[in-house]
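In order, the protein sequence lines correspond to chains X and W.
By the numbering used here, the letter at position 33 of the first sequence is numbered 595, and the numbering carries on one by one without gaps.
By the numbering used here, the letter at position 107 of the second sequence is numbered 181, and the numbering carries on one by one without gaps.
These are computed hints drawn from the structure, not numbers from a lab.
Treat each hint with caution, since some may be false.
[Unchecked claim] Ranges between beta-carbon positions, derived for each pair: (1) X/S596 with W/I387: 51 to 59 Å; (2) X/G592 with W/V385: 24 to 32 Å; (3) X/L573 with W/A327: 22 to 30 Å; (4) W/L142 with X/S596: 33 to 41 Å.
We put the CB at the ideal spot given by N, CA and C, even for glycine.
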Amino acid sequence: MRTSPAKLLVLVALCLVVLVELRTALAFVGVEVSVLETVGVGVVAVALLLVWGFGVGRETGSESESAE
Amino acid sequence: MCKSLQLLLFWYSGHPIVYFWLLPAYLLWYILLPKLAGERLFSDPLARVVFILFVLLSTPVGIHHQYLDPGISEGFKFIAMTNTMFLLLPSLLTAFTVVASMEHGARQRGGEGYFSWLTALPWRDPAFTGMALAGLVFAFGGFTGIVNAGMNINYLVHNSLWVPGHIHTQVGTAVALTFMAGSYWLVPQLTGNRLVGRRIALVQVVLWFVGIVFMTNSMYRGGLIGMPRRTAEPEYQGFDYEIAAGSIGELNAQLAIGGVLLFVSTVVFLAIVFLTLFNADSEPVDDGTIPPPLSGPDDSPRVLDNLKLWVAIALALIVFAYAFPLREHRLERRALRSRYRSVPGDRRSGARGSAGDRCRQRYGAVARSLE
Ligand code: HEM
Ligand code: HEM
Ligand SMILES: [Cu+2]
């Protein structure tokens with residue numbers, strides 16, 4: 563894993579939150595994103611995060627975290 | 075009692091009550107959060123300034139819930155607005171102090187860089203993660219508070235679904251999620267029992283965070299297009315909201331999804347705490363010490379400890395903010411009384427019916443039309 567499960571969970575949550583709020587923010591500047599498009603982007607973004615997180619690599623951050 | 079006086083006294087106590095909820099959460103952020111992040115509070119004097127600002131300003135602001143109520147002059151509403159804007163200071167100072175404490179803690183644990191120190195924080199600890207996410211939501215809730223507090227923008231959002239949005243980001247998350255996360259630390263400390271299901275607890279706090287953003291985002295958006303609060307079916311016949319993006323059905327669905335996530339999260343929280351209470355597996359209890367702040371009480375100016383002075387200023391501010399509106403209320407009542415007395419034979423006048431009744435007649439109609 564490139565990161566700890568806990569951090570990955572928080573990242574996925576932040577990703578969902580940014581998606582919901584970004585859709586609102588974009589509407590302010592006249593860019594309309596439909597629900598379906600948002601869900602689509604969300605699935606891809608979360609999938610990319612998971613692939614990155616579970617990918618082979620050194621965990622970044624503190625060592626104490628990996629001592630699950 | 076006359077309705078306008080009732081409202082004045084209700085919000086006189088109603089606003090300070092939000093600090094009755096908030097300050098215990100602040101204590102957890104100032105004491106427990108730095109400790110869990112592995113380090114010490116950034117600055118003790120700054121913390122003192124924050125709490126003194128609350129002593130000064132938590133009470134003379136209740137009128138900011140009444141910008142649209144009749145019977146209070148615009149000028150007194152303006153005073154309440156000014157006090158409210160100053161009241162943002164302690165929240166901004168808190169955001170700074172708490173984040174600085176966490177950053178210092180993270181750097182002690184080997185964190186580096188502008189932002190990568192964030193990865194050195196103890197995210198696997200549900201008590202830490204819950205409080206950190208609650209603090210993040212509080213930051214955004216504070217911005218919605220600024221919107222509510224501006225007299226002119228308040229006319230747009232008052233009594234709309236926007237206000238429950240503000241409620242659920244502030245007391246419903248900044249406070250409630252902090253208490254839940256704090257319980258994951260406190261309950262094991264009180265009982266000596268190990269927390270059951272630490273990983274599930276982590277999922278629980280994250281679920282609350284996602285749920286509240288889904289729910290409040292739709293509440294804010296609904297409020298901005300004029301959906302009233304406390305109304306079950308806010309789609310009237312032959313009327314369409316002018317919605318900027320998406321549809322009403324979609325807003326309702328998003329609100330419901332958020333609510334369901336929050337409900338599930340609540341059930342999981344209660345289950346974890348209940349199981350922990352009966353968990354025989356023990357956990358070493360904390361040593362009960364608070365790590366000394368980086369900048370300690372000795373760095374603090376003596377005047378900050380002079381509570382008599384601050385309480386006196388607070389009382390003066392309260393008198394300033396409320397004496398005139400109360401006097402205005404009395405004068406209005408007296409004027410009404412003499413006006414009705416001067417109409418001979420008027421059934422409403424004279425000894426029959428109290429001045430309160432007439433005040434109710436006068437303000438009741440206006441207040442009802444606003445409700
Ligand atoms: C950050 C600074 C804050 C500001 C400037 C602020 C300002 C306001 C204002 C002006 C209103 C009235 C909105 C309206 O009805 O038109 C309001 C409503 C409310 N606020 Fe805040 N607020 C802040 C923080 C908080 C906090 C920390 C809490 C709770 C812990 C809170 C809880 C509430 C609640 C429950 C209401 C709705 C009361 C009702 O049912 O009408 N607020 N806020
Ligand atoms: C399962 C989680 C929760 C859900 C699904 C939920 C949902 C709602 C809804 C739908 C409303 C009514 C909005 C309207 O006016 O139409 C509401 C009002 C409110 N909620 Fe929540 N809420 C939750 C948790 C909380 C928590 C934890 C708090 C505070 C600690 C809170 C405080 C309030 C307050 C003060 C009101 C305003 C009531 C009023 O208008 O008089 N809620 N909530
Ligand atoms: Cu208030």
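Okay, the hints, checked on the actual structure:
no. : hint                           : verdict
1   : X/S596 with W/I387: 51 to 59 Å : 55 Å, holds
2   : X/G592 with W/V385: 24 to 32 Å : 52 Å, violated
3   : X/L573 with W/A327: 22 to 30 Å : 25 Å, holds
4   : W/L142 with X/S596: 33 to 41 Å : 36 Å, holds
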